[in-house]
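Take a look at the letters that make up each chain.
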Amino acid sequence: MLRFVLRRLALMVPVLIGLSILLFAWVRALPGDPSRALLGERATPEGIERVNAAYGFDKPLIEQYLTYVGALLRGDFGESIQTGRPVLESFTERFPATLELGATALLFAVVLGVPLGYVAARSQGRLLDTSVVSGSLLGVVTPVFFLAILLKLVFADKLHWLPTALRQDPRMDATHITNFYVLDGILTREWDASWDALTHLVLPALALGTIPLAIIVRITRASVSEVLHEDYVRTAEAKGLARGTVSRRHVLRNALLPVVTTIGLQAGLLFSGAVLTETVFAFNGIGQYLFEAIGSRDYPVLQGFIIFIAIVYSLINLLVDVSYGLIDPRVRAA
Amino acid sequence: MFAGSAEPVTLDPFFASDGESFRVARQIFEGLVGTMPGTADPAPLLAKEWEVGEDGLTYTFSLEEGVKFHDGTDFNAEAVCFNFDRWYNMPESAQTDDLTYYYAALFRGFATGDRAEEAIYESCSADDELTATITLQSPFAGFISSMSLPALSMQSPTALEEYQDDAATNPRNTEYSTERPVGTGPFTLESWERGEQVTLTANDDYWGEPASIDEAVVVAIAEPKARADALRNGEIDGYDLVGPADIGPLEGDGFQIVNREAFNVLYLGMNQKQAPLDDPKVRQAIAHAINRDEVVSASLPEGTQTATQFIPEVVNGFADDVPTYDYDPEAAEQLLEEAGATGATIEFNYPTDVSRPYMPAPEDTFNVIRTQLEAVGLKIKPTADKWDPDYLEKIQGTPGHGIHLLGWTGDYNDTDNFLGVFFGAKSNEWGFDNQEIFDGLKEARGIPTPEEQETLYQELNRQIMDYLPGVPLAHPVPSLAFSPDVEGYQQSPVQDEVWNVITLN
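Residue numbers (the working numbering), protein chains in the order written: chain A, 1 to 334; chain B, 335 to 839.
A couple of the hints might just be wrong.
Said to hold, decoys possible - 25 Å max Cα-Cα, derived SDA-like pairs, lysine to any residue:
#1 B/LYS715 / B/SER761
#2 B/LYS728 / A/ARG42
#3 B/LYS559 / A/PHE271
#4 A/LYS59 / A/VAL27
#5 B/LYS728 / A/ALA29
Unchecked claim - Have a look at the derived ranges for each label pair, beta carbon to beta carbon:
#6 B/ALA609 / A/TYR313: 47 to 55 Å
#7 B/GLY582 / A/LEU150: 15 to 23 Å
#8 B/ASP662 / A/GLU63: 56 to 64 Å
#9 A/THR199 / B/GLY582: 27 to 35 Å
#10 B/ASP800 / A/HIS160: 53 to 61 Å
Honestly, the hints are just simulated from the structure, not real lab data. For each residue, glycine too, the CB sits at the ideal point set by N, CA and C.
This is chain B alone, in the form it adopts within the complex (with noise of 0.2 Å):
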């Protein structure tokens, strides 16, 4: 009995972008990658191996021998070539961001479509029953490491050409999407009822580790303190997205708090839309004015890191030697004054009603900051509003803001996931313009592998941080909250959490 905060949406994982839709999908379908286990860097699934050729554009997959699908359908080369197809043979009707946003995202278009020209997929062949080879048409570094998002699952072919329908009003709603997810991972799906709950049966002929569960059952409870509730009442063996105030006592009461490692980031970000955030000096400024470590004592959980770029450590590009920006209020003085802006005054935009993994408490934060930048004689117009869509809606859909708190979890290994997201173009949420950036984070998108990137995202790191759009604030650490009889729980930063690990007393 696990819960989450809300229902899956879908659970044919491609037409899902949701946590929790993919918190299910992870126990029915793999993919060809998975993770290490603990990391988010990309391991060996349904495919026991892989080679990439010279030039980048080919992936020749060796799979797994044995396998089926939940439904008696091998796994095999064929299988891979069938998911390939059907991802970039979209109707132009499931071509909607709601829908395959991630696939769009990776793949930058389809078949169809006014993004058919920009599309990196151009094929796959099945060498033998048990060897696969996708070729690209530009390189894409991320693509090992995307094949390991739930999104990119391998799924039965012959389920999804008996029960889905792709081309639906609404794909996400169809019978194969509803009732008969087929997939090869160590449960299967036993039933969903609407509104209520998901019921996962342990798969037998599982070719992995088979579960010691016989059954999952996943509810969705919306409130953190009703999550806490139920767990605490037995009602519930373990849930996701524990609110900060609930961690101490829940510990203290026995039951087993699991932290997974932050592959996050948590941001104060800075309108050059507005005078005089177009201001370098006052750009550091404020950076110098905020004290990270004041910020995450009394605002976020216990183990968050605090930040000096826009990734996280185990991101790859990440650079020790950035230019940082220590807690130095006089100094946050001096260059206000420099910049004429002493005493100028800031609208800050902080979301309210909403807790995210990497801002569980924005209106505290908003606090501990307000109070450090009105300490270097800044004047802070508050600006409160409702997290989802009003908030969202000002930030990044309009230029009418100051400076903000704003974050992202990333989904897979992959820097683009983090700095091509927020500086990858112009953007409301930031209003600048500065092509150097944007042309460096085409240019590393561009190189075929991660290893070739490194440099190149370590120096575009150091030029953002010296740039300094805005003030990388921390990297708070997401927690799980179990009761005393749940074991071996494997957390994951990307959530790559299977449930056939967990044992029951």
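One chain only, chain A, in its complex shape (with noise of 0.2 Å):
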């Protein structure tokens, strides 16, 4: 096992070395250039050829590719053209709203969503399994950006219940260690400050979860109501083993995996859907400031956080086979 994670660490290595040249190709592709953005309509043709000067964008392409490969090795990963400021430091400050995030909508999704589908499986062709699959359709095809409106409109606007943007009401004098803001307030013990953060993530997982609840639900459906017809199931029960053992022993164990991966998948996929999300809610993750960092192409931010963002999303997928070979002996000896 631990071979296998070291190999599949090395292997990260020349898919970085490739992700990096093709993405410091790909962001100086984009149409436009940051000293444009920077200067916005007050940008004249000798302002712009001195702000380029300035940041080493008239050097050559190779040029300007081996200095910040050179202090990438160093650990350097620049500074943003916009605010100045080192893009790790950025990282490090928006990270964890945007983990916190998606691991509550995970979280949501996964608690909520076996059990949904499992339940619906073995009621199948009944009430509760229509209703389960045509909720899960309507989940799939829902739009984020709509599904986050409609939460405001009814639980901000006119209920009053939850708050509409920010991490945290401004006005709190909270303490941040982490910048995980509900286990800062656990830890500092201000629990007032702790739970203000997380009525700010009810609505925006709510939105950003949704739609892999849906598909957690219909592909754990699928998968138990096919292992229920499977020979070994027929067999546990005519053997007399009792339901339960049944369920857990044979019928989820073989179901669960394409639902591991599944919701691997979903990870990787919400930090796509927290753009939209962090958005619409005003919420200080990286989606947004990635959004951001696009439209002002700031390409030291745009580079070192897709670099971040793959390296995570390698390391979730490795989570997830590592996962694999815990619930089936098979792929460990493999």
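Please dock the two separately framed chains into a single complex, following the hints provided.
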């Protein structure tokens, strides 16, 4: 297992090098340049020239790339052109927000989705099953932004139960250690801060988690109902094993493999969903920041953030593969 | 609790040119000159009064007595000279437009660098404790007005020396610029949590009218709709840049809408590099084809004035008698026929995904004008681009565009800040070469006082509207929204809005 993990980690190195070249070329292939974005309506040709010279954009591409990679190897991801702040600093500041949001959304999707899918499969064809299936279809086809606006309208505008924007009430005097606001509140025993951050998480997490929830329900249902028709399940039932034992040891365990794969893939996709959700809820995570960086052609931020996201994505995939081994002994041997 | 559309870029206003940085800077810092409440006209602030020398080259400022910076440093003539000398002596690494746009645009250059020859600043002398004299190398009529820009605020020499490093790779990100900005204003910086909020505390020792609110928090909410939602839900007390679609519903729900006097212009630009736009008759035809009233009612906020020239009425040099082009589709068709351009295809560029104070809904504005132009027999080829940087790059950086929507918000009351920006030199945006206009603007810029400039600028406005490089459309009104609990917000056309006058019930 350890060798498998190490090998997978080693494989990431060439992937990241390739990615860095592609990224470098891609962000520069975008029309428009950062100096224009920086100066906006106030740009003059001379002004642009001076900015290009100051940031080294007038040098040959190869030279720019080598300078970039050289700095990268020293752990220096450069500075944002827009704000002048180190890319790494902005990332560590904002990534916890996205992770907190993504984890809550995924938790919501898994904790609700797997049991629902299982129950639906068990009661196939009956009213419960039909409503779960059609409900999940609705979940898949509802666009995130529409759901986000609907949730805001109902729970914030009309009922005033939950906040619509930001990660915490700015009037709150909260201490931030890890930048995971809910966790920070627990660590510092500022319970009200933790609670406030949690209430800010609910609506964006619901919006972000709905599509994964619907997909997980459908995959679980399909997978469980397929396993239910396997010979070994019939055998186990015929042997007179208790229904709970059959469910746990034979049905769920075998049905979970595709479900885990789906969860892993959805976890990765949450990053792209986060761009929209974070914008609508003014939730200061990496999604919103990245979206702005594309608009402003902030090369260092784009490159740095996408490389970080690639690393996180690879790690999630690795985690999924490792969990296969835990669920299915055959994968462990291979 | 106030929401803007983005985070400030820096808290040292000298290195800023964005509205969000300036919004915060207005609370912490003050300039020698302020503005009369609700107008763009200069008014005394840190300087009680000033005298301009005969030749327009010396300015003697008498300073307010007993003013201290937040760190206890005295505000006096030496502090004034310290600031002027700091600006002039900026290291070359900080002489790019992303850092020092305003100073370079106003003072034309620094002590060193490639623009040193053109620099108009000469020296500052502290005549006594409370009198400072600035000497310029050539006259600059906008000098007094420009002193009200947040970028040229007075900063504490002690704090600058200790915590600021103008030569840093990025001076916007130093300890001074992020944690320790020190001015004389009614608020001091409590903290700036990057990505989250700026917290300001009332300055109890403020020399003027102290703030009645103890604390002001500024947050960034990018989407106009999300700002409206947050106000409705009581999460914020007010916000800037209200989307036109939110104004009616918010007012209906009892929220206050505060309109700033328009200090901007929205225009339809025409690129003379593309035929048939080089033909004056075609340009006149387009001007006659546009029904500005309809453009305003269909796509711009209530209270918006239609435009007759490229500056709003409050700016020096506004002329009542410029050539006008009334809505007259028949005249337009006639002119097109004379020019042999009936049925000609014209590319119409407009931006998407953007809302500017002078152009809140460009797609709507485009649609109205497009229909009007098609009605007089022109064929329109629509080209949409994402605002930043694609659209700006195409319009300002290349000759590959036809007619386009763009505009400008003035920074301070100076005609050159409008006309000079548009028509001061040959540009990709307009694609024309009219030496008479270029020279006229250059001459006007060199006249020492606004009073003497007025007639020339009026003449230039007439000349420009006769030549008709584009069609000025409107001066849209930018709006702010507040909860019913907020009282006394003093709006300003140049956004000189200081929060010491606000009360919160």
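Okay, the hints, checked on the actual structure:
no., hint, result
1, B/LYS715 / B/SER761, "23 Å, holds"
2, B/LYS728 / A/ARG42, "14 Å, holds"
3, B/LYS559 / A/PHE271, "23 Å, holds"
4, A/LYS59 / A/VAL27, "16 Å, holds"
5, B/LYS728 / A/ALA29, "15 Å, holds"
6, B/ALA609 / A/TYR313: 47 to 55 Å, "52 Å, holds"
7, B/GLY582 / A/LEU150: 15 to 23 Å, "21 Å, holds"
8, B/ASP662 / A/GLU63: 56 to 64 Å, "59 Å, holds"
9, A/THR199 / B/GLY582: 27 to 35 Å, "30 Å, holds"
10, B/ASP800 / A/HIS160: 53 to 61 Å, "58 Å, holds"
Violated hints are absent here; each numbered hint is respected by the structure.
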